[in-house]
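Peer 1: For reference, the chains in residue letters:
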Amino acid sequence: MSARVVNNRAWWLVLPVVILVGFNAVIPLMTVVNYSVQETFGNNRFLFEGVKWFSDVMHSARFHDALKRQLLFTAIILAIEVPLGVAIALAMPRRGAWASACLVLMSMPLLIPWNVVGSMWNILALPDLGLLGWTLNSLGINYNYTRQPFAAWATIIAMDVWHWTSLVALLSYAGLSAIPPAYYQAAKIDGASSWAIFRYVQLPKMRRVLTIAVLLRFMDSFNIYTEPFVLTGGGPGNATTLLSIDLVKVALGQFDLGPAGAMSLIYFLIILLLSWLFYRVMTSGEEDS
Amino acid sequence: MRRLKWVVPALYIAFLMLPIYWLLSMSFKTTNEILGGFTLWPQNFTLENYRKVLTERTWYMGYVNSLIYVLINTVLSVSVALPAAYAFSRYRFIGDKHLFFWLLSNRMAPAAVFALPFFQLYSAIGLFDTHLAVALAHCLFNVPLAVWILEGFMSGVPKELDELAFIDGYPFWKFFLKIFLPTIAAGIGVAAFFCFMFSWVELLLAKTLTAVDAKPIAATMTRTASSSGYELGLLAAAGALTIVPGAFVIYFVRNYIAKGFSLGRV
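If you read the protein sequences in the order shown, they are chains Z and W. Just so you know, we're using our numbering here: the first sequence kicks off at 161 and counts up by one. Just so you know, we're using our numbering here: the second sequence kicks off at 425 and counts up by one.
Everything labelled a hint here was simulated from the structure, so no lab data went into it. Honestly, I wouldn't trust all of these hints.
As the list claims (entries may be wrong) - Only part of the chain Z face toward chain W is listed, based on derived beta-carbon distances under 10 Å:
#1 A185
#2 I187
#3 V197
#4 M218
#5 L263
#6 A347
#7 I349
#8 W355
#9 I357
Claimed, not checked - To give a feel for the contact side, a few chain W residues facing chain Z, derived at Cβ under 7 Å:
#10 A434
#11 F538
#12 L540
#13 M578
#14 V581
#15 L627
#16 V636
#17 A642
#18 F672
#19 F676
Note that the structure is a prediction, hence the values are computed from the model and not measured. The C-beta atom is built at its ideal place from N, Cα and C for all residues, glycine as well.
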């Protein structure tokens, strides 16, 4: 990094990206900012409202509930997907046809459109017709994800684990593949236990990819919309109404542009702030390792 | 203990395949059989659902529309990201760190936040319901991702390569296209793979920006699910077919995935 030369003409090289992303990011963001400070009466008549919507959203029980559900959902899926992904990566074959087969099969869920993931789990979990729903009910477990909040939660969490654990596993696997065999031989000579190998050889080497995996999973789970929307529609009641689902309800369903704008900005700031915190925590000890 | 290691990935893959099996099984059943009660595999095997999806224009045009905007987006994202990633990996310039972080922050933006403003923006410039609108909108998260991946690959190429080429009198663009790009071909492949993937699976923006002419397959599915009753078999067949392009892409890049993950930064 230190070898990079100072050259301000490099701006010409980044200009296309700045124009393209700027067009898509700045104009819509300004639109949202605009909405967030105005009252709309239809017919394009707007009235300046200042920070009214922001204080409304900050004090609304509905927003607090959606935020709590979102934090709980993200915490649960991170707690399951990260250790599970690492465990799978550790147990995967390193080379040969089986390694390729594992990689191809594990990548499958990542390339299925998100609404199809929702439909798929919907079909799987139907209480009377789906493989999962039917099996659970014939085992005597009363399961109906459209009626029971707990069943709905369990289903969307199982769906997310199904959908995204592979990403963590593939990233960890890549980190593990980058460890030279000499490290393992040295550890073997020292008589290290497999726990010690994991703790002092494999985990430090996976640190960078794990940081990326946790950040990506955090950001994407916080933004999740399509899959739970298709599966549960936010129900039963509001039990699985996560932040994005609530936001779309307010913005496109009720067309309350002011509150939706304020909510969007608060939502985006929360993600930025938490991502930055995660990043700082996970890279804090990087120099000494 | 060591010998039983294969159990973990095997169980995990079995778990992954279960919903896919069920989707396929449903897609080969008749509506009567599906509504008639639970059956583990199709009793009256039928291809009728697939025939309908592949011959009715409203259905198969969905796949065509999706593929068109995904391909436009992939080409566009990777081509604008290449020079930018080169700039980030080789030069220091005013505001480079801020610019990089700003780019990445767009990767964190919830699509739900942008749905309505995007609708208004693209309606205002007359691009609503075109493939280009969706392709451009998906650049919001794919361009930063492509820059991030390519920058990782480019930083792995020694600077001496550039310096030697410039000493030999290569003009910048000739060096970039003829020498530099071929050396990071794997990186371009990985970046294209991820752009394809995220554009293919995204629905909220694609649905918001289209109505009829550029309607993606995913939107056809959700609208059909709600309008024409509960045709689970048809829905399952359409869903099963959306897995095909992804499966192809994975098959072609299977040897690069692990390498790409470790060299690049995804």
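Peer 1: Now look at each hint and say whether the structure bears it out.
Peer 2: Right, here's what the structure says about each hint:
1. Look at A185/Z: its Cβ gets to within about 5 Å of chain W, closer than 10 Å, so that hint holds up.
2. Using the Cβ-Cβ criterion of 10 Å, the hint placing I187/Z at the interface with chain W is satisfied: the shortest such distance is roughly 6 Å.
3. A hinted interface residue such as V197/Z counts as satisfied when its beta carbon comes closer than 10 Å to some beta carbon of chain W; here the least separation is about 15 Å, so the hint is violated.
4. Evaluation of the M218/Z hint against chain W yields a violated restraint, the C-beta minimum of about 17 Å exceeding 10 Å.
5. Hint status for L263/Z: holds, given a least beta-carbon distance of 6 Å to chain W, under 10 Å.
6. Proximity of A347/Z to chain W is violated relative to the hint, the smallest CB-CB distance being about 15 Å (cut-off 10 Å).
7. At a threshold of 10 Å, the smallest CB-CB gap from I349/Z to chain W is about 18 Å, leaving the interface hint violated.
8. Evaluation of the W355/Z hint against chain W yields a violated restraint, the C-beta minimum of about 12 Å exceeding 10 Å.
9. For I357/Z, the shortest C-beta to C-beta distance to chain W is roughly 13 Å, which exceeds 10 Å, and the interface hint is violated.
10. Here the hint on A434/W is broken, as its CB sits about 9 Å from the closest CB of chain Z, past 7 Å.
11. For F538/W, the shortest C-beta to C-beta distance to chain Z is roughly 5 Å, which falls under 7 Å, so the interface hint holds.
12. The beta carbon of L540/W is positioned within 7 Å of a beta carbon in chain Z (closest approach about 5 Å), and the interface hint is therefore held.
13. Among the interface hints, the one on M578/W is violated; its C-beta lies about 11 Å from the nearest C-beta in chain Z, farther than the 7 Å criterion.
14. Hint status for V581/W: violated, given a least beta-carbon distance of 12 Å to chain Z, over 7 Å.
15. Here the hint on L627/W is kept, as its CB sits about 5 Å from the closest CB of chain Z, short of 7 Å.
16. The criterion of a C-beta within 7 Å of any C-beta in chain Z is not met by V636/W, whose closest approach is roughly 18 Å, and the hint is violated.
17. Residue-level restraint check for A642/W holds (minimum Cβ-Cβ distance to chain Z is 5 Å; threshold 7 Å).
18. For F672/W, the suggested interface contact is broken, since its CB lies about 9 Å from the closest CB of chain Z, more than 7 Å.
19. Annotation: F676/W was flagged as interfacial toward chain Z, and the flag is violated, the nearest CB pair being 10 Å apart, outside 7 Å.
Of the hints listed earlier, those the structure fails to meet are numbers 3, 4, 6, 7, 8, 9, 10, 13, 14, 16, 18, 19, in rising order.
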